[in-house]
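S.K.: Here are the chains, one letter per residue:
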Amino acid sequence: MGIFGLAATLVVGAVVTGERVISRQDRTDRVTVIYWEKWTGSEGEEMRKVVNAFNESQDRIFVKYLSISGIDSKTRLAIAGGNPPDVAGIWGDQVVQFADANALTDLTELANNKGLDEDYYIPAYWDGYVYKDKVWALPSTPAAIALHARPDLLPPEVATPETFPKTFEALDALVEKISVQGPNGSLKLAGFLPSNPGWWNWAWGYYFGGQLITDDKVTIDTPENLRAFRWIAKYTKKFGSKEVQSFQGGFGNFASPQDPFMSGKVAAEQNGVWKANYINVYKPGLEWFAVPMPYPADRPDLKGRSNLSQDVLCIPRGAKHVKEAFEFLSFVQKQDVMEGLCSAHGKNSPLAKVSEKFFDTHPNKYIRLFDQLARSPGAFNIPKVGVFPQISNEMNVAFQEVNSEQKTPERALADAQQRAEIIWSTYRKQVLAQ
Amino acid sequence: MKKDLRIGLLFALPWILGFIIFLAYPVLASLYYSFTNFSILREPSYVGADNYAELASDTVFHKALINTLIYAVGAVPLSTVVAIGLAMLLNTKVKGMSYYRTIFFLPSLVPMVALGTLFLWIFNGDYGLLNEGIRAANLEPPNWLGDPAWSKSTLMLISMWGCGQAMVIYLAGLQNVPVSLYEAADLDGAKLGKKIWNVTLPMLSPVILFNVVMGIIGALQVFAVPYVMFPGGAPARSTYFIASYLFDNAFQYQRMGYASAVGWVMFIITLVLTLLALKISDRHVHYETE
Numbered sequence: 001m002g003i004f005g006l007a008a009t010l011v012v013g014a015v016v017t018g019e020r021v022i023s024r025q026d027r028t029d030r031v032t033v034i035y036w037e038k039w040t041g042s043e044g045e046e047m048r049k050v051v052n053a054f055n056e057s058q059d060r061i062f063v064k065y066l067s068i069s070g071i072d073s074k075t076r077l078a079i080a081g082g083n084p085p086d087v088a089g090i091w092g093d094q095v096v097q098f099a100d101a102n103a104l105t106d107l108t109e110l111a112n113n114k115g116l117d118e119d120y121y122i123p124a125y126w127d128g129y130v131y132k133d134k135v136w137a138l139p140s141t142p143a144a145i146a147l148h149a150r151p152d153l154l155p156p157e158v159a160t161p162e163t164f165p166k167t168f169e170a171l172d173a174l175v176e177k178i179s180v181q182g183p184n185g186s187l188k189l190a191g192f193l194p195s196n197p198g199w200w201n202w203a204w205g206y207y208f209g210g211q212l213i214t215d216d217k218v219t220i221d222t223p224e225n226l227r228a229f230r231w232i233a234k235y236t237k238k239f240g241s242k243e244v245q246s247f248q249g250g251f252g253n254f255a256s257p258q259d260p261f262m263s264g265k266v267a268a269e270q271n272g273v274w275k276a277n278y279i280n281v282y283k284p285g286l287e288w289f290a291v292p293m294p295y296p297a298d299r300p301d302l303k304g305r306s307n308l309s310q311d312v313l314c315i316p317r318g319a320k321h322v323k324e325a326f327e328f329l330s331f332v333q334k335q336d337v338m339e340g341l342c343s344a345h346g347k348n349s350p351l352a353k354v355s356e357k358f359f360d361t362h363p364n365k366y367i368r369l370f371d372q373l374a375r376s377p378g379a380f381n382i383p384k385v386g387v388f389p390q391i392s393n394e395m396n397v398a399f400q401e402v403n404s405e406q407k408t409p410e411r412a413l414a415d416a417q418q419r420a421e422i423i424w425s426t427y428r429k430q431v432l433a434q
Numbered sequence: 001m002k003k004d005l006r007i008g009l010l011f012a013l014p015w016i017l018g019f020i021i022f023l024a025y026p027v028l029a030s031l032y033y034s035f036t037n038f039s040i041l042r043e044p045s046y047v048g049a050d051n052y053a054e055l056a057s058d059t060v061f062h063k064a065l066i067n068t069l070i071y072a073v074g075a076v077p078l079s080t081v082v083a084i085g086l087a088m089l090l091n092t093k094v095k096g097m098s099y100y101r102t103i104f105f106l107p108s109l110v111p112m113v114a115l116g117t118l119f120l121w122i123f124n125g126d127y128g129l130l131n132e133g134i135r136a137a138n139l140e141p142p143n144w145l146g147d148p149a150w151s152k153s154t155l156m157l158i159s160m161w162g163c164g165q166a167m168v169i170y171l172a173g174l175q176n177v178p179v180s181l182y183e184a185a186d187l188d189g190a191k192l193g194k195k196i197w198n199v200t201l202p203m204l205s206p207v208i209l210f211n212v213v214m215g216i217i218g219a220l221q222v223f224a225v226p227y228v229m230f231p232g233g234a235p236a237r238s239t240y241f242i243a244s245y246l247f248d249n250a251f252q253y254q255r256m257g258y259a260s261a262v263g264w265v266m267f268i269i270t271l272v273l274t275l276l277a278l279k280i281s282d283r284h285v286h287y288e289t290e
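Just so you know, the protein sequences line up as chains W and R, in that order.
Counted from 1, the first sequence has number 15 at position 15 by my numbering; the numbering is strictly sequential.
Counted from 1, the second sequence has number 53 at position 53 by my numbering; the numbering is strictly sequential.
Among the hints, a few may not be true.
[Unchecked claim] Okay, the calculated bits of chain W under chain R, using three or more residues with CB under 8 Å as the criterion:
id: 1; region: 69-79
id: 2; region: 96-103
id: 3; region: 235-249
id: 4; region: 388-394
id: 5; region: 423-434
[As the list claims (entries may be wrong)] Heads up, simulated DSBU-like pairs for lysine-lysine below, C-alpha to C-alpha not over 30 Å straight-line:
id: 6; chain 1: W; residue 1: 429; chain 2: R; residue 2: 63
id: 7; chain 1: R; residue 1: 63; chain 2: W; residue 2: 217
id: 8; chain 1: W; residue 1: 114; chain 2: W; residue 2: 357
id: 9; chain 1: W; residue 1: 303; chain 2: W; residue 2: 177
id: 10; chain 1: R; residue 1: 63; chain 2: W; residue 2: 74
id: 11; chain 1: W; residue 1: 188; chain 2: R; residue 2: 152
id: 12; chain 1: R; residue 1: 152; chain 2: W; residue 2: 238
id: 13; chain 1: W; residue 1: 234; chain 2: R; residue 2: 152
id: 14; chain 1: W; residue 1: 188; chain 2: W; residue 2: 166
id: 15; chain 1: R; residue 1: 63; chain 2: W; residue 2: 407
id: 16; chain 1: R; residue 1: 63; chain 2: W; residue 2: 234
id: 17; chain 1: R; residue 1: 63; chain 2: W; residue 2: 384
id: 18; chain 1: W; residue 1: 242; chain 2: R; residue 2: 152
id: 19; chain 1: W; residue 1: 237; chain 2: R; residue 2: 152
id: 20; chain 1: W; residue 1: 237; chain 2: W; residue 2: 166
id: 21; chain 1: W; residue 1: 234; chain 2: W; residue 2: 217
id: 22; chain 1: W; residue 1: 353; chain 2: W; residue 2: 334
id: 23; chain 1: W; residue 1: 407; chain 2: R; residue 2: 152
id: 24; chain 1: R; residue 1: 195; chain 2: R; residue 2: 279
id: 25; chain 1: W; residue 1: 242; chain 2: R; residue 2: 194
id: 26; chain 1: W; residue 1: 407; chain 2: W; residue 2: 188
id: 27; chain 1: R; residue 1: 63; chain 2: W; residue 2: 237
id: 28; chain 1: W; residue 1: 74; chain 2: W; residue 2: 334
id: 29; chain 1: R; residue 1: 279; chain 2: R; residue 2: 194
These aren't lab readings, by the way, just hints derived from the structure by calculation.
Keep in mind the model is a prediction, meaning the values are calculated, not measured.
Ideal Cβ positions, reconstructed from N, Cα and C, are used throughout, including at glycine.
Please construct the entire structure, taking both the sequences and the accompanying hints into account.
M.R.: Right, dumping it as structure tokens:
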């Protein structure tokens, strides 16, 4: 064997051995299910406990839990490479995009066989797992959004959930009253800022009766969405664009005591059910309460609106152990398991049936409110289109343009509408028509 | 002789394989994909020049391209001037110079992500170190990160942080300038400014050309620092660059074909600018051998 033969043998040997080392099973007596999850830290540890409980509950399957950063792109690449995990914990707003890309295993039959159907879940959450009449994912933990307020920064007459403003108009009046600006206009305290925390800029129109997609058409520039953006512009005008930017530049990370709500820079903010967990860790003892998001005074039908989000479990296309992976998914859906996980994550439960113990022992004292919001007819998900990430980006840009007074609400939404129409039309031609 | 060749090839084999697998093949494949609709998870389908036609009317691409060119126009000259200035200072005969050289070179070794995080604190509009200094001088500081009018300038200033690499090359170039030229200039009564303009810069011009070309290529590929400091190109896409748009299309929107087209257009623009720089340099660069 010549020197090239030796080199070739070494390369082939390394490849074969490497593959064996990578794909070795941790438990040779069981089927190993590889589970990739985005969570790290305490959230990851709580999920690991669920995995451990599953592994102890039977002797046929072993779930190997791995925390993976950038889980969406890595899962896609692993699917393309033909070696995906058996279970992937992705974000709920990616389900449609993944399904359109032929990246997921259809779970409809498996879920039906286990009785995991629309009756088992809160309808608005169930809606997030179904696309084109097929089930593509099941929940790990869900969330609902509400307005959080600090009574110590409010006048006594509105410092309770019962007396806090219910409409946008009343909220605006309160903000006018309690916000504090220095002699040079610099903000010291903002009663409320639409740009904080800025995670759901796409959703403002929904609180004014708008939608982004209606019957397969982009509807960004409708009067309802325009009304929402005019309301946003009003805040910029009130405080001054530069003053708001400078003030927000000083906001610390949401997972720190420097968070603007915890540090007392804003008296009220839109946030998710998980906020209580962060307050308990970074500002224990802080007095706060949660109320539903406001509605326009002339649209009482929009009372109780809340945008939902959730983390989901899916089985990527090409997974090697689909049935075993689904065994794990259905284990997570058990009421006691789901309630334990959601409680540990500070979230509400996605299940239709919730125990009293869950409410009584939950770390968020307003958990019943979030549960009600999720069950409310006003609860809404992201639009079911695979281009939601792009449309959400366009809404973010429109929001920033209005918030920095670069464009009028009319111009910003017209531009976003034009861009989104092109994106949606290209997607329909290139992806949906395939 | 043949045995030597084979052994030589064997030693070079890891690099040759790496070049073919990780560079040559992906480059050629991306050219093919740029003419397809390809989402990674489905087979690519040929669409002709559709992706390039879409780029021609894509307003976000135009915005990203303009942002990138503005950044390059600001960052490259700024870094060049600072690097040459530092190199001149570090070329003087001062005690402990090797320590100074190390100190000024070290920042260029900081990883880009760490750099982005660090500058988020320094440029913070409310409590950042820089604005504290500006306020101390009784001036009204700008909002470096939140104001679209300042965000690109912030990145240009940050680009100076990495000029240590270029500085070392300039320093080597300066040390090759014959002392006799300065002595001749002294005899002619030239002051410092004249000596820099008539001796240092002409003798350094091949090195300047090299660093400017590398700087242009680097500036057109700017990605990591804005990605960390200005997510999504915020505020209002004022820091959205071509590399960011390429990344988003490839890995967020699953449009690998379109992203490949963006990459190839960027390659052509980079090539044209590089050739332009080389052409312009014909009259201004002086080589010792000429």
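S.K.: Under a C-beta cut-off of less than 8 Å, do 3 or more residues of the region 388-394 of chain W approach chain R closely enough to confirm the stated coverage?
M.R.: That given contact holds, which follows from 3 residues of the region 388-394 of chain W lying within Cβ reach (below 8 Å) of chain R.
S.K.: Given the proposed pairing of residue 237/W with residue 166/W, does the C-alpha separation stay at or below 30 Å?
M.R.: Satisfied, since the Cα-Cα distance of roughly 23 Å is no more than 30 Å.
S.K.: Taking 8 Å as the Cβ threshold, is the statement that the region 96-103 of chain W is covered by chain R upheld or broken by the three-residue rule?
M.R.: holds (count 4)
S.K.: Counting residues of the region 69-79 of chain W that have a beta-carbon nearer than 8 Å to any beta-carbon of chain R, does the count reach 3?
M.R.: holds (count 4)
S.K.: Would the pair residue 407/W and residue 188/W pass a check requiring their Cα atoms to be no farther apart than 30 Å?
M.R.: Distance of about 26 Å is within 30 Å: holds.
S.K.: Count the residues of the region 423-434 of chain W whose CB lies closer than 8 Å to any CB of chain R, then report whether that count reaches three.
M.R.: holds (count 4)
S.K.: Has the given pair, residue 303/W with residue 177/W, been kept, meaning a C-alpha gap of at most 30 Å?
M.R.: 24 Å, holds
S.K.: For the region 235-249 of chain W, count the residues whose Cβ lies under 8 Å from any Cβ of chain R; is that count three or more?
M.R.: holds (count 6)
S.K.: Does residue 334/W lie within 30 Å of residue 74/W when you go C-alpha to C-alpha?
M.R.: 29 Å, holds
S.K.: For the pair supplied as a hint, residue 63/R and residue 74/W, is the alpha-carbon distance within the 30 Å limit?
M.R.: Holds - the C-alpha atoms of residue 74/W and residue 63/R are around 29 Å apart, at most 30 Å.
S.K.: Under the criterion that the straight-line Cα-Cα distance not exceed 30 Å, is the pair residue 114/W, residue 357/W satisfied?
M.R.: Holds, because 25 Å separates the two Cα atoms, which is no more than 30 Å.
S.K.: Are the Cα atoms of residue 237/W and residue 152/R separated by 30 Å or less?
M.R.: 25 Å, holds
Violation of the numbered hints given earlier is confined to hint 25; every other hint is satisfied by the structure.
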